[in-house]
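K.L.:
Sequence order for the protein chains is X and C. Going by this note's numbering, the first residue of the first sequence is number 552, and it counts up by one from there. Going by this note's numbering, the first residue of the second sequence is number 640, and it counts up by one from there.
Read the hints as simulated data drawn from the structure, not as lab findings. Treat the hints with care, since some could be wrong.
[Said to hold, decoys possible] Computed beta-carbon distance windows for the label pairs:
| # | chain 1 | residue 1 | chain 2 | residue 2 | range |
| --- | --- | --- | --- | --- | --- |
| 1 | X | Lys605 | C | Ile689 | 23 to 29 Å |
| 2 | C | Asp693 | X | Ser590 | 20 to 26 Å |
| 3 | X | Ser590 | C | Leu699 | 22 to 28 Å |
[To be verified] What the simulated footprint calls covered on chain X by chain C, stretch by stretch (three residues with Cβ under 8 Å from a Cβ of chain C suffice, anywhere in the stretch; the number is not a length):
| # | segment |
| --- | --- |
| 4 | 561 to 572 |
| 5 | 621 to 627 |
Note that CB positions come from ideal geometry on N, CA and C, so glycine has one too.
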Amino acid sequence: GDQVEQSPSALSLHEGTDSALRCNFTTTMRSVQWFRQNSRGSLISLFYLASGTKENGRLKSAFDSKERRYSTLHIRDAQLEDSGTYFCAAEAGGGSGNKLIFGTGTLLSVKP
Amino acid sequence: GGIITQTPKFLIGQEGQKLTLKCQQNFNHDTMYWYRQDSGKGLRLIYYSITENDLQKGDLSEGYDASREKKSSFSLTVTSAQKNEMAVFLCASKTGGSERLFFGHGTKLSVL
Numbered sequence: 552g553d554q555v556e557q558s559p560s561a562l563s564l565h566e567g568t569d570s571a572l573r574c575n576f577t578t579t580m581r582s583v584q585w586f587r588q589n590s591r592g593s594l595i596s597l598f599y600l601a602s603g604t605k606e607n608g609r610l611k612s613a614f615d616s617k618e619r620r621y622s623t624l625h626i627r628d629a630q631l632e633d634s635g636t637y638f639c640a641a642e643a644g645g646g647s648g649n650k651l652i653f654g655t656g657t658l659l660s661v662k663p
Numbered sequence: 640g641g642i643i644t645q646t647p648k649f650l651i652g653q654e655g656q657k658l659t660l661k662c663q664q665n666f667n668h669d670t671m672y673w674y675r676q677d678s679g680k681g682l683r684l685i686y687y688s689i690t691e692n693d694l695q696k697g698d699l700s701e702g703y704d705a706s707r708e709k710k711s712s713f714s715l716t717v718t719s720a721q722k723n724e725m726a727v728f729l730c731a732s733k734t735g736g737s738e739r740l741f742f743g744h745g746t747k748l749s750v751l
């Protein structure tokens with residue numbers, strides 16, 4: 552079936568540094584969303600993209616508008632509160648519309 | 640704003656038992672989802688439904704049944720609980736078009 556490959560699986564950053572997470576899709580996707588899951592298990596929506604880029608504070612996400620087969624999440628000036636597990640979720644088009652497949656997650660740890 | 644309510648929050652079952660998890664949303668969303676998350680892992684799609692009385696299988700549907708009798712509710716049944724099974728089941732919903740996904744707080748299942 553449709554696959555979402557997320558990398559890296561784990562990431563350790565020092566406060567103030569920048570990094571990027573990436574999701575590759577085995578097929579063309581209609582949209583992508585990014586979530587952060589906190590230590591209590593709550594999933595918080597960060598971005599929803601059907602194309603292009605979106606920015607919110609120190610976070611910026613992009614969805615490849617040409618082939619629609621990858622998305623990135625950039626974290627600028629990482630802070631301790633950014634720690635958590637980040638997931639991307641992609642929605643396929645066509646007959647699989649509305650089927651949302653999640654990546655395996657990136658466990659982010661921000662250290663002082 | 641709306642809310643997604645999952646009941647129960649914690650569920651303890653016996654091996655072989657049939658167990659039902661419930662999810663209610665008041666967003667008036669068309670599409671609802673059930674995901675399973677094992678400890679330290681990503682979310683795997685069990686079932687989803689694009690409208691009342693519709694059911695679509697995800698990648699993990701074997702061993703589960705689902706029911707969407709009303710637009711606002713989506714229930715999931717574990718047909719025969721497996722011994723030592725432990726996972727969090729997450730319900731989510733969104734509008735029919737490509738839009739943000741909202742999650743409930745989850746039902747944590749333990750099987751003795």
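K.L.:
In ascending order, which of the hints set out earlier in this document are inconsistent with the structure?
P.N.:
Numbers 2, 4, 5, in rising order.
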